[in-house]
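The lines below spell out each chain.
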Amino acid sequence: MTEIWILVAANPAIDNLVSRGRELGGQLVAVVAGDRSCAEAIAASGVDRVVWLGEPGATPVEARAAAVADLVAEAAPRVVLAASHPAERVLAGALAGRLGAPALTMVSSVRLEADAVIVTHATFGGVAEETVRVEGPVVIVDECGSVGTGLPVPIEEVTATAPPTLTVVETRMSSTTRVDLGKARRVVAVGRGLARREDLALVEELARALDAEVACSRPLAEGLGWLSRDRYIGVTGQHVHPDLYVAVGISGQLQHVVGCRDASTVVVVNCDAKAPYFGECDYGIVGDLAQVVPALTAALA
Amino acid sequence: MKIVVAFKWAANPQEATVAADGTVDVGRATLGISEYDPQAFDEGRRLADATGAELVGLSVGGPAATSSMARKAALSRGLDSLVTVTDPSLDDAAATRTGAVLAAAVAQIGDVDLVLTGDASVDLGVQLVPSVMAGLLGWPAVSQVTALSGTPGDLRIERNQEGGTQVLLASGPVVVSIAADAVEPRIPGMKDILGAGRKQTTELDYAALSVEPLVAYAVVGRARPELKARQGKVIDGADPAAAAAEVVAALRATHVL
Chain D
-5 MTEIWILVAA
5 NPAIDNLVSR
15 GRELGGQLVA
25 VVAGDRSCAE
35 AIAASGVDRV
45 VWLGEPGATP
55 VEARAAAVAD
65 LVAEAAPRVV
75 LAASHPAERV
85 LAGALAGRLG
95 APALTMVSSV
105 RLEADAVIVT
115 HATFGGVAEE
125 TVRVEGPVVI
135 VDECGSVGTG
145 LPVPIEEVTA
155 TAPPTLTVVE
165 TRMSSTTRVD
175 LGKARRVVAV
185 GRGLARREDL
195 ALVEELARAL
205 DAEVACSRPL
215 AEGLGWLSRD
225 RYIGVTGQHV
235 HPDLYVAVGI
245 SGQLQHVVGC
255 RDASTVVVVN
265 CDAKAPYFGE
275 CDYGIVGDLA
285 QVVPALTAAL
295 A
Chain R
17 MKIVVAFKWA
27 ANPQEATVAA
37 DGTVDVGRAT
47 LGISEYDPQA
57 FDEGRRLADA
67 TGAELVGLSV
77 GGPAATSSMA
87 RKAALSRGLD
97 SLVTVTDPSL
107 DDAAATRTGA
117 VLAAAVAQIG
127 DVDLVLTGDA
137 SVDLGVQLVP
147 SVMAGLLGWP
157 AVSQVTALSG
167 TPGDLRIERN
177 QEGGTQVLLA
187 SGPVVVSIAA
197 DAVEPRIPGM
207 KDILGAGRKQ
217 TTELDYAALS
227 VEPLVAYAVV
237 GRARPELKAR
247 QGKVIDGADP
257 AAAAAEVVAA
267 LRATHVL
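Chains D and R, in that order, are what the protein sequence lines are.
Counting along the first sequence from 1, when you hit position 226 you're at 220 in the numbering used here, and nothing is skipped either side.
Counting along the second sequence from 1, when you hit position 223 you're at 239 in the numbering used here, and nothing is skipped either side.
Be careful, since some hints might not be right.
Computed list of lysine-lysine pairs in DSSO-like fashion (alpha-carbon distance at most 30 Å, straight line) [what the hints assert, rightly or not]:
hint: 1; chain 1: R; residue 1: K18; chain 2: R; residue 2: K88
hint: 2; chain 1: R; residue 1: K249; chain 2: D; residue 2: K268
hint: 3; chain 1: D; residue 1: K268; chain 2: R; residue 2: K244
hint: 4; chain 1: R; residue 1: K18; chain 2: R; residue 2: K207
hint: 5; chain 1: R; residue 1: K244; chain 2: D; residue 2: K177
hint: 6; chain 1: R; residue 1: K88; chain 2: R; residue 2: K215
hint: 7; chain 1: D; residue 1: K177; chain 2: R; residue 2: K88
hint: 8; chain 1: R; residue 1: K207; chain 2: R; residue 2: K88
hint: 9; chain 1: R; residue 1: K249; chain 2: R; residue 2: K18
No wet-lab data here; the hints were simulated from the structure.
Based on the provided sequences and hints, a complete structural model is requested.
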């Protein structure tokens, strides 16, 4: 029977991977590098088997990548799935290296044939799409989804020895609550067009009037640090698919747009009539955001 | 003791053209050091100065990756020397191939305790190359790193992780991906650019690295991704209130609001 393996570092939200595996058919085996609570959540998320590496202790979970790669390489599955989180990417990359297998991201479809796996995925940051035929194992890094539900299966514990060269000496939790933009129905995102940090208040007021989450393009989170990193949308940030996406002062660079292309309706506000985003929007207003954004808020009242 | 900065000489896909059949042409796009890599150079220089290590740049790619422009761009960013591995087959190579070649090159360079990278390449953006390389070297990989201190072999690593930050201690060799916001990248000055010409570049022979053959795969189809059909109604905001009212009315009429 075909086996599909799912690599889990520490995040049990894998229902999208479980559905992907179910579509392919065969037995779903999750290998968990995180702690017991993570393994337990995975065991009740609709997979057929859970292989757990035991408590990680002071070892960061991704330092167990070699142990995970050993286990999976021995089982020799045709398809391996991992969520697109940083630690899961470390597991996925190490396994791809071990197997010499292609590692594919931004995947839209996976199909099994008798002697090959057929995968369609976006390349070059999303500007193009290609379909590849892989005659051997393939590692797929995919959107994770939420925590799934299913009948609990037993947890099979294996002993994993990680190289003791990497240890966690301190963990500091942030005081701000993490936002999950992936589930937001409405998002107001702001970019470099915002001249002053004080003007963020205008954007926040619009978001309140729309009952929307506030998000941003990369420079505002990384570099300026005006918003937290978990609010940054783009290739290396969050991917969102809201009903309404309002992009304020964002030119529409590909690296940003890739993160929100699935929005049902897109509204763009920008002072530059030549901004590429106007070519990819439903409604656009060419104007100064300091005037247009309060006007939008007022129009919603 | 050596610190390697693994970087990519890449085209910005924003400037790529995609034909109707999905073929990507980056021929006219500007090539440069991938947008998220300069932080790795700066962090590497700082650490090399603090510890007396040698800072070696490493780039794998098509023939353009060892052009005089590419060498100068890299060597003016604080490297002591540069190593390149180029081959026509490595142009736009997939993550597993690039990671495997980097790992082989790091082994060949020798005496390396730390490899620094950016957190994604500007062109492919796959974010898997550092972990493929680490996996094949048998080293751990840490991503989203914001600060490094200590010495390679006894390195304190601070990184972002979901919900906060974490401090790790690495007592052995490690691959570290620097988060784009870790340091404000320095712009090379005239002195750096002039000095670049005097630094050494070593071209490693790709065939001699004998990278293991990879699982066979072939591209069997290409397409331009289907974009959602959009209304494309752009209005002049000279009268902000009128423009806002018009857009809000349209959103209500289409039941978005």
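Status of the hints after comparison with the structure:
Under the criterion of a C-alpha separation no larger than 30 Å, the hint pairing K18 of chain R with K88 of chain R is consistent with the structure, at around 21 Å. Our distance criterion of 30 Å between C-alpha atoms is met by K249 of chain R and K268 of chain D, whose separation comes to about 14 Å. Note on K268 of chain D and K244 of chain R: the hinted pairing holds, with a Cα-Cα distance of about 20 Å set against a maximum of 30 Å. Our distance criterion of 30 Å between C-alpha atoms is met by K18 of chain R and K207 of chain R, whose separation comes to about 24 Å.
Note on K244 of chain R and K177 of chain D: the hinted pairing holds, with a Cα-Cα distance of about 20 Å set against a maximum of 30 Å. Our distance criterion of 30 Å between C-alpha atoms is met by K88 of chain R and K215 of chain R, whose separation comes to about 9 Å. Only pairs whose Cα atoms come within 30 Å are accepted, and K177 of chain D paired with K88 of chain R is rejected, the gap being roughly 46 Å. Straight-line distance between C-alpha atoms of K207 of chain R and K88 of chain R comes to about 12 Å, which keeps the hinted pair within the 30 Å bound.
Using a Cα cut-off of 30 Å, the hinted pair K249 of chain R and K18 of chain R is violated, with the two alpha carbons roughly 56 Å apart.
This entry does not satisfy hints 7, 9, going by the numbered hints stated previously.
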